[in-house]
Each structure stands twice: as C-alpha cells, then as structure tokens.
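The hints should help you fit chains U, Z and C onto chain H, whose structure is shown.
Protein chains: 4
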Amino acid sequence: MLHFQNDYSEGAHPRVLEALKDVNLTPTTGYGCDEHCKAAADRLKEVFACPDADVHFLVGGTQTNLTAAAAFLHPWEAMIAADTGHVCVHETGAIEATGHKVCAVPAVNGKVTPEAVRKLVAEHRTGVEEHMVLPRLLYVSDSTELGTIYVKKELEALRAVCDELGLLLYLDGARMAAALTAEGNDLKPEDFAQLCDAFYVGGTKNALLFGEALVIVNDDLKPFVRNVIKQRGGMLAKGWLLGVQFEALFRDDLWLETAEHANEQAQKLSKGLSDLGVKFYIDSPTNQIFPIFTDEQVEKLKKFVAFDFIAKVDDTHSAVRFVTSWATPEENVDFLLLAIQRVLK
Amino acid sequence: MLHFQNDYSEGAHPRVLEALKDVNLTPTTGYGCDEHCKAAADRLKEVFACPDADVHFLVGGTQTNLTAAAAFLHPWEAMIAADTGHVCVHETGAIEATGHKVCAVPAVNGKVTPEAVRKLVAEHRTGVEEHMVLPRLLYVSDSTELGTIYVKKELEALRAVCDELGLLLYLDGARMAAALTAEGNDLKPEDFAQLCDAFYVGGTKNALLFGEALVIVNDDLKPFVRNVIKQRGGMLAKGWLLGVQFEALFRDDLWLETAEHANEQAQKLSKGLSDLGVKFYIDSPTNQIFPIFTDEQVEKLKKFVAFDFIAKVDDTHSAVRFVTSWATPEENVDFLLLAIQRVLK
Amino acid sequence: MLHFQNDYSEGAHPRVLEALKDVNLTPTTGYGCDEHCKAAADRLKEVFACPDADVHFLVGGTQTNLTAAAAFLHPWEAMIAADTGHVCVHETGAIEATGHKVCAVPAVNGKVTPEAVRKLVAEHRTGVEEHMVLPRLLYVSDSTELGTIYVKKELEALRAVCDELGLLLYLDGARMAAALTAEGNDLKPEDFAQLCDAFYVGGTKNALLFGEALVIVNDDLKPFVRNVIKQRGGMLAKGWLLGVQFEALFRDDLWLETAEHANEQAQKLSKGLSDLGVKFYIDSPTNQIFPIFTDEQVEKLKKFVAFDFIAKVDDTHSAVRFVTSWATPEENVDFLLLAIQRVLK
Amino acid sequence: MLHFQNDYSEGAHPRVLEALKDVNLTPTTGYGCDEHCKAAADRLKEVFACPDADVHFLVGGTQTNLTAAAAFLHPWEAMIAADTGHVCVHETGAIEATGHKVCAVPAVNGKVTPEAVRKLVAEHRTGVEEHMVLPRLLYVSDSTELGTIYVKKELEALRAVCDELGLLLYLDGARMAAALTAEGNDLKPEDFAQLCDAFYVGGTKNALLFGEALVIVNDDLKPFVRNVIKQRGGMLAKGWLLGVQFEALFRDDLWLETAEHANEQAQKLSKGLSDLGVKFYIDSPTNQIFPIFTDEQVEKLKKFVAFDFIAKVDDTHSAVRFVTSWATPEENVDFLLLAIQRVLK
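Residue numbers (my numbering), protein chains in the order written: chain H, 366 to 710; chain U, 366 to 710; chain Z, 366 to 710; chain C, 366 to 710.
Bound conformation, chain H alone (with noise of 0.2 Å):
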C-alpha cells in the first residue's frame, strides 16, 4: 500500500529522534521549564526576528488552537474563519466548547478575504452589539486546509482589516515551513512575527513526533497563558521533550529542508498527473493536491494508496487529497505515477 493519506504518517526525522535518544536518561526539569524548552525559544525568536515575544511548546494543533481561543478571548467575543478553516470544520467544536463562537467566512481558494472579515464585522455591529458576539480574533491558516499560501501582500491586508476593526491576527502554522518552501511564497519567517499577534508554527505535520510552537507577540495576551495551558490539558509533563524536537527541528534550517522535501514530492506528482490530463480540484504549491478522477478511477486507487476523499465535483467525478511527507520517498511518487497511469486507461 502507498501512503498519500496525510502529513503525519511517519514518526520523526531521525535527527530529532536521535535528540531525544540523547537527553533520555538525563533528569530534566519538568512542564516546559527547562534549558531545552528555553534554547528553542530562543532559536524560534530568532529565526522569526521577535526578540520579545512569548514560544510556549504545545503537543497538538487543536490543543493550540482552543488554548489560543480560551486565553486570548472573553466570554462575549468571537473568533473568525475561512468556512474551510480547521477550526470550524475539523476539531469537534473545540472552540465553541471553549465558549466562544467561530464565525465562518466563505473562502476564497481556502483564503480568507479582507472583504469578507469587513462584511462579517459590519453585520456584528449595527447598534445593538450586546446582542451579538463580537468578532475579535481573525484565525488563518497557511498553508490552508486546501494547500494554498497566502502571499504578503495578502496577509498585509489582513493585517490591515485587522488594525482598522480592532482584530487580533492568529496564524495556524501547521503546514507554515510547507508555505515558505512553496514555489510562489514571498513571506519569510519575519513576517508572521511582524504581522500576527500570534501564530503557531507546526512540528507534527514536518518531521517531529509531534509538537507546535505558539509564539505571541502582542504584549497584551502573554499574561497566564500558561495558567491556560495546563487548564486545558496542554502542559506536558517531560515537557522538554518538545523543546528538545525543536531545538533539532530548528538546527541547521531542518525544518526548511523537510518541507521543502515534501513540497517537492507532491509537485513532482502533480506535474506528472498533469502530463496524464488529469484534472485539479484547486492548484496547490505545498504538499496537498487535490486531482480529480471518475468515481470508477477513484475506486481502483483505493487498492493500492492511500488518500482522503474531499468533495464530489459533479455526478460521475471526485476530488482527493493525496499529501506527501518529509518522509515520502521519492520513488513511491515514481510508483504512484506508473500505477495512475495504468488505471487511467
């Protein structure tokens, strides 16, 4: 079987295991407070040029995402999203568990629009606020949920639409080295620090066993947001074990090159579908693609790769996801273009 399912398929890059191997029997101090924790603090604030800012180490993305929500809003305001958006979609309700609403946005090509966040906030504010939520925090993701990035010039209008309503900008950073290594990309890792009041920049989907990186930058929301983490679960006890995968993850631009790595795999196969005629749900540059096949092709694929089913197009058509990993070897790529092409006869 070939493995085109997700992202996070394989464990981690033998060099942040090998760092893990190597800290293992050492006693360390535990919940994140220790010398790991802090180096890879002080690398990530580095490397995203904001000296000041706040890295808390968490082990999942949904976790991230609802102690973001739970420690950056009050009970009256509201989180906004692509309608595509992970948060909205994907993660069980955890934010409205959390108490606050996710208004969704439609998204354009999994983006979300300055035009958009204007229309949403002018119908919450009509004179009668009190009975409405109170949009606050813009969520975005990049890459998106579809494999889209944003470009700067995007995410500075953003940004913009924020400062002229009084939004706060949270970047969900899963797939974030995947958007900086796509062809296309104009942001550099400067710019998410510059930009956002906070993000987060994933480990899970390149190359760790797991981990995301929440780094705030607004002053405003560093208070307690540790008070937060172990509320909600988050604090993991051998908490160096994150600090000591980022500490390897970020070494040398590893975390660049897995991406990039992966990128390369999906456009290789991307390309090569093309050449075969096939079809795109939606063009990509990172690690997802979306082709589109008869329902019948769709079924002898089952049989030999794995792969998520996204959408039907139209009554005889079908959208799927194949994603490519740091780990994906190129010759699977190779073998999943032969085997396509036999099927497409």
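No wet-lab data here; the hints were simulated from the structure.
You may find that some hints are simply not true.
Copies of the same chain look alike in the list, so a pair counts if it works inside one copy or between any two.
Said to hold, decoys possible - Derived pair list, reagent style BS3-like, types lysine-lysine, alpha-carbon separation capped at 30 Å:
#, residue 1, residue 2
1, Lys636, Lys665
2, Lys386, Lys403
3, Lys587, Lys403
4, Lys517, Lys710
5, Lys668, Lys403
6, Lys484, Lys518
7, Lys410, Lys668
8, Lys386, Lys484
9, Lys668, Lys517
10, Lys677, Lys553
11, Lys665, Lys484
Just chains U, Z and C now, with coordinates in the frame of chain H:
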C-alpha cells in the same frame, strides 16, 4: 545535583524508546486507529481482565481527568474527590473549566473514606436537590498524592458506597503500578476493572515518554468518548506513539518491574532516613516519601538535591517530598543518605 | 412618536396584571412549585394535547434556548438553525457559551428546509465523525424571525428528516400565537406537541410582563431540567408570577385573541402600504412586516415612528420592520398610514 | 398555615405594584435602555454615593452572581467564598458552569475572615501557581446566609486583605437592606461602594416582584457587562419592569422601611422564643432566625407553620429557620409565639 523531585524527570525506558525507533519510518494510520493501539488495548484488557472494556490512550493525566469529567458527567453533576486530590488542587481548575464542580471531602492519609462520601452526598440530598449539584463521580487515586495505597477492602467499601448512592467510581492510576508493587498491597489489576466504572493506568510517571490509558468498563460511559477526546484537544495525531509505548510497557510486565524498582529505591531511602532518626509526615509504601527536617536542614539539602516542599509542620520543621523513579540509580539513594547524614550532624 | 419597533414595548394585558394583583399578598411556595404553575402547566398540556409533557416556565427566550441547549445536548452535539435564526445571530453566542456549536443552514424565507438539514448532516457524517460536531438538535422558529410561518406539511417534513437522521426537533415559539392566528396557517397547537421533541410558547411577545413556557414532550429530555434551569440562572424565586400569568393568558384563549389583534393591525398596515405602492422585502402574514422605502423616506419616517432597520436592498432603498402587538391601537395604524402617505408624496 | 419559610413568598409592595400598573400601557424601549432604568440607576448611584458606577438590573440572584463570575474573571481565576456561601452551596454549580472554581473557606458565623482568605491565597501561591487556580474574587454576603451581618471594621478588614493580595471584593446584597437596618449595623450604603469593587442590592427578598441591582464601582470591571448579561440569558426584554420597581423601592427610602419591618418581626419572634426558653443555633439581628427545638417539637410545628430545616444539632434536637418579610403581619408573629408556647408545654 541529585534528582528526587518527581518520577517524570527522565525520558522513557530503553525498551520503550527502542520500540518507538523501530516503527519510526513505517507509515501508520493516525489518531489512535492503528494496529499498535489495538494491540496495546487488547493487552490491557487481558491484564485487567476486562475483555469488553474500551481503552483510549491519552497524553497526560490532567487531560485524561478532564476528558472523563466532560464525557461522563451531565452538566448538573459533580465530582467528589479527596481535598488532597489532584483534580482538587493541582489542575488549575481543569474540571471546573468543563463546567463541573469538584466537591472536596476530607481525606484520611490521602484516601477517601465511605463515611466522608456518605456525608457529602447526604448534604446534597435534602429535598431541594435542584438547587445543588448532584454528586455523581467519585474520584480516587491509587497510589494517592501522599504515596499511600488503598487495600482491597477499602476499595470494595468505596464501590459499595457508590452502588448504595448511585455514584460512578473513577480511579486515577497515574501511579497505579507503584501501588500494585507496594508492600501491603493486596489489589490485583483485575480488581480495578471489577470495582471501578473507569480508571486510567499511568505511563508518564512509569517509564514512558508520556501516555495514560483510560479504561472504561461501564458500558454507559463508552459512547462518543473519542469525540470528547478530540474536542478537548487530547487526540494525538500520531496516536500510534501511545500504542507502541504501552505495548512495550506491558510486554513481560515491564510496567511492574519499573514500578518495583522505584518503590525499592524510595523504601531504601525511607529506611535509611529512619535509621538516622528522621521522622515522617506520613507513612508511604510507594515511591514518594515525606521526611521531616528542620528548616535549617531543608536549606542545606536544597544545595545538592532537588525535591519538593510539602508543608510546614511546626514553627521550625517542614515536610518535604522525595520521589524515586524507574530510572533512579541505587547509588544516588546511597549518596543522598550519606549527604543527609552529614547535614543532620 | 408612534411605536412599531417591537411586540414587547408594553407591559401585560390588563387581565394578566389583574391576576398578578389578586395573588400579590398571598404567601406562595417559591421556584415554580406552586399551584398556579401546576394549573398553568395542566392547562397547557390540555391545549397542546400532550398530557404527559413536562412544562417549565422561564423568564425569557434566550434563557429558554440556552437552557434547552445545556439540558438536551451532549458536549459533542450541535444545534442546527437557519442562518437567520435567533440563536445564530441575536443571542450573543449564548448557545456557544454552553459549549455547543450552532451549525447554520441557509434559510428560505426565514425557514429551514429538509434539504438544507440533510446536506448539513451529510457533511458531518463522512466517516471521521469524531473530528466534527454531531448535529443533533434542529432549532426552528414559528413564526420566524422574518414573520413567516411553517405550514403543517413543512413541519411534518422537518419531523420526517429528524426521524430519518436521528435529530431532535425543537421549536422556538416566542411568536407561536402569531403563527397560529395568521392567514394561511394550518397548524394547530396539538401539532407542535405531535411533531416536536420540545418547544416553547412565548408570553413576553404576547401580552405577558415576561414568560416563556417550555414544553418537553420527549421523555428522554425530561430528567433534571429544573437543575439546569437553576444552574443557568433561569429559576425565578417567585415562580408563581409565571404560573399566574400563563393561567390568565390561556383562560378563554386570551393568547390567541391578543395575537390575532396584533396580526390584524400588521396586516391592515401591510395592505395600506401596498395600496400606496410600497413593495416588501418579504411577504409575512403575522405581526411583523418588512416594507421597503427609499433611504430618504426612511430618514423622514424616523422622525415620527420607531422601527428597526433590517437591510439595504440596493443603493438607494432599505427594508425596515414594523411590528404590532396585542396593545397596538388601530388608530395608530391609521395614523401611521396617513403619515407615510404624506412622506411618499 | 403560617408562613415563615422565606422572604420571597409574597409579591411586591403595593407601591411597587402600583408603579408597574401606571406604566403598563406606555410603549417603552426594551432591554433596560429606558428612562426608568436610567432614573433608578441615578437614584442608586446617589444613595450609594458612587456617581461613576455602572448599574445593571437583573432578575435574580443566582443570575447576578454567575454574570459577575463570567464578566469579572479570567478563565484561570477563581472565586473565594464562605463554605456557607450561596454560590458554594445553593446555586447548582452555577459558577462552575461558567468555568470558574469556587474556593470555599471556613466561615465564622456565616462570615468570611481575613485570616481564612490569607491562608487560602497563601496555599495557592507556592511558586507553581500555573498548576492551581488563581483566587481572584472574594464573594461575601451581607446579611449572610445565617442572618448575621458584617460591621464596618470587618468589611474594611476584608477590603484591606483584598488590597494586600490583589483580590476583587464582591458583595451579594440579596438581603442588604436587612443588614443596613439591623441592630448593631454600622455600615452605611456608601460604605459598600467605598469598600467593594462591585455589589448587588437585592429586590426579590425585599418587596419587589423580582430584581437585583448590580452596582459596578471598579472601572476595570465595567466594559461589556451588558454583553455578558445577554449571553447568560439575564437580559430582560421588558427591562423597564426592573427600573420601575427599583424607582419605587428607593423612593422615600421604602427599601429600608420594608426591611426594617421584616427585621422587627423576626426580632420580636426571637425575643418571644427566648422568653420561652428556646435556644438558638446562631444569634442573628436580621430577618432570619434559627431556633432549636426537639425533633418531636419540630414535627408538631410543621403542622401549622411553614419553615426550613437547617441542621441536626444533636441526636434529639434540630435547628430550623424562621424568616420574616416586608409583608409579615405582626399578628402572625404573635400567633406563632402562642402556638409554639403550646407546643413547648
């Protein structure tokens, strides 16, 4: 510096780490729906003699406890716990953050008594129940936060009072293996499944990188627990990391071997201190011991050993906590005793 | 100033106020456990032909809706509502504050359609349900927030889709009496009890000082609702104030008489405006109507009549809302028509 | 049957009811944004000498308390309350349902002491604060649940401990008027505004149909409280019903007159019982008294007087509670004394 601060200061037992390494590059299904989680669950059901139980693997203890509260309780229902219980004191109000009150009862040596439960419930059944929370889930820990253990008769008595009063019995087994291997223990693994509606078996404090296994015996509590786990941020993307670790931990009863080692070191330390004339805050047969020193001695100890302060016992004396783990070298115990001997002079 | 802003601008019908005065000094049991609440509940069970229902009296609509969410839903379950629904828009995230997501579906004339429900539920049943909320309770209003009404066939179709999909049907009847007395209505009170799992009958917008009667038909939803009411702050100490008012409102079908009056005034106004050539945003047979004026006309109207702005319909026109109540004097309608006639010239 | 069960068994003082009747048919703006609420708020700010306070009118006490918790506390912050406090015992976990823990401290005569607060806070400031809730808001009641009152020195001492420890002081004044008119009281209305960050003045238990006035003195606590009121279901559509009642209650100091009457009846009863040799569970100068009878006598009393059972005091005796109200006729007190005299023989 000697480390006796807690039992989660080291990584994983080498056999656990090896197992993780073995599967590292094998593509595996996410979210705990993999073969390793299945095998580990099967093994636990065998060890605890509860073939029909549901087993879920979570990353940490607070997360497991809050998931249980959210999944098992109706909005108007409350937990009962010893006033020294972890959920009462050291989880930053995690249970309350799910909307549920924790009713504290006075603990005897860290343990809940049937009398205390009966009294608490009686106070909540006065004919105006709808104005009070409904105590519903009794939370106990074994071993307790004070290192003590329940004997079978005591746990049976709590089960009986739960049956009598319509309560659920939930056991926090963060240190269950320490209890099972302690001198004086007469409980067997299957007793927990027989007597509890649900319980969890701790891995974080017993030789895993992280991981707790929530075992649900009562059929009524089984549905939709995975949804709650996801909603509360507890679903690990690379869920097999938990399955693989528990497989290794329960192979050849490693879990008892590691706990036995920890207990032996603590008891050796305890005996050595007694021989030096040191008194104890409480008698504990497990891997946590609570000697009393003068405040002056405590200050001296701090210079070469890491440990936790517990309580002032009088104007000039304090109780502290020494904890050993599966990884505590016996020579460290010897060295600590020698060093304390010098301090006491 | 003429008042057409809402149907809760006046106090109570004189017969209701008289009833309150009659019992004012009689010592009465608190919290709704009195004879008046019992008698009113009995009367409602008779009118709605549901002798086994539970009836609870609450002060307001948002309170009733959030109590229903908290009492009827498990943590992982969600509401479904029209995107124009009160719970979606105008309750400051009250449902989310109980931890539950509200899934919005596109409304047709303020009404939910079976197709929209089926589509929404299908999107949440894709084989990875635990990553999404479980839509469980369908919320509908009759009359709707746009003054429209469900006919029996429509409500039956929603019941059928609920049965098909395992959903609960909950009806917000803040303006149920307006619906029942509207032209075109073919629903009878007993139909609500037949077709819904629970519903509430509004008093605040129909001649009471305050008060909504929550009727629970489905046995599974009955236990412990009073506990939730208390916990959510909805239990009125002098609960008999609600019982006495509902007794008076349902004596000699006063509730329908008051609603009929309101509808007649709105429809007279509607016809008068039509005769003047005014177009409408939506056709409504109840006590809320939505005429369209030029923005210039709107400004002129504001000087002598209180009303709500609804929406811009194009660059120069806006829809507004006129609402009549049980207390609207017919001469006010006549006067408003005369005044508008002058504005339109 | 004689009624001494509580002080909310009758409707409203005739002058209050008359005021409601006077405005009954006058169209009035909803949600508390009307002239009556404004005038009542102004009057309260005058009486309590806090011209810059925000005043919100809510329907009931539990609702007011849970709104305060939701509005004033961050997710990681907790309330402190006497173990006999209403929020601890009789609100069905309403505070916990907003996500906040209530830390109980031992009460002395129903009152919180600075020592107890200091001890509780010290236990939560041990260097690992993020693992514990942060006690933040001290909840006290005056008069207390046991009918006792704070003298000025005591309330000042609590203010001082709050300042010392960075706590907010919130006073539940459901029976504030009873406290202010009690023998031994030396607090004046303005003292509450001087010493508390926020407090509420009760109407439900003092001659209104319903209604509590939340007075927020501390500027930091003022923003967005109306949003929380709406979100928690506490915003009354016909909000002027609250304003009109409070206007009437504070006209010519009716609120003190009604409370004084209640106190006088209770104290007359208390003296009469003392003269008959009856002992008391606690000494109370307000409208709640707590005589002790033999269980046999209690059974006899039940036949002709309604009252609450409080506690067994020994094997054969129980404490009960008699409560008087603004509406208790003096002859009922006389008749009760006569009847008890017969029972005691």
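For each hint, the structure was consulted:
In this homomeric assembly, Lys636 and Lys665 come within 30 Å of each other (Cα to Cα) only inside a single copy, at 21 Å, whereas the closest approach across copies is 63 Å. In the homo-oligomer, the alpha carbons of Lys386 and Lys403 lie at most 30 Å apart both inside one protomer (19 Å) and across protomers (26 Å), since each shortest distance falls under that limit. Taking the closest pair of Cα atoms, Lys587 and Lys403 come within 30 Å of each other only inside a single copy of the chain (16 Å); across copies the shortest separation is 38 Å, beyond that limit. Proximity of Lys517 and Lys710 under a CA criterion of 30 Å is satisfied in neither setting, with 42 Å inside one chain copy and 54 Å between copies.
For the identical chains of this complex, Lys668 and Lys403 are inter-copy neighbours only, at 23 Å across copies versus 47 Å inside a copy, given an alpha-carbon limit of 30 Å. Proximity of Lys484 to Lys518 under the C-alpha cut-off of 30 Å is restricted to the intra-copy arrangement: shortest distance 20 Å within a copy versus 36 Å between copies. For a Cα distance limit of 30 Å, the shortest separation of Lys410 from Lys668 qualifies neither inside one copy, at 46 Å, nor across copies, at 33 Å. For the identical chains of this complex, Lys386 and Lys484 are neighbours neither inside a copy (52 Å) nor across copies (44 Å), given an alpha-carbon limit of 30 Å.
For the identical chains of this complex, Lys668 and Lys517 are neighbours neither inside a copy (41 Å) nor across copies (49 Å), given an alpha-carbon limit of 30 Å. Proximity of Lys677 and Lys553 under a CA criterion of 30 Å is satisfied in neither setting, with 36 Å inside one chain copy and 42 Å between copies. For the identical chains of this complex, Lys665 and Lys484 are inter-copy neighbours only, at 27 Å across copies versus 44 Å inside a copy, given an alpha-carbon limit of 30 Å.
Consistency note: the structure conflicts with the earlier hints numbered 4, 7, 8, 9 and 10.
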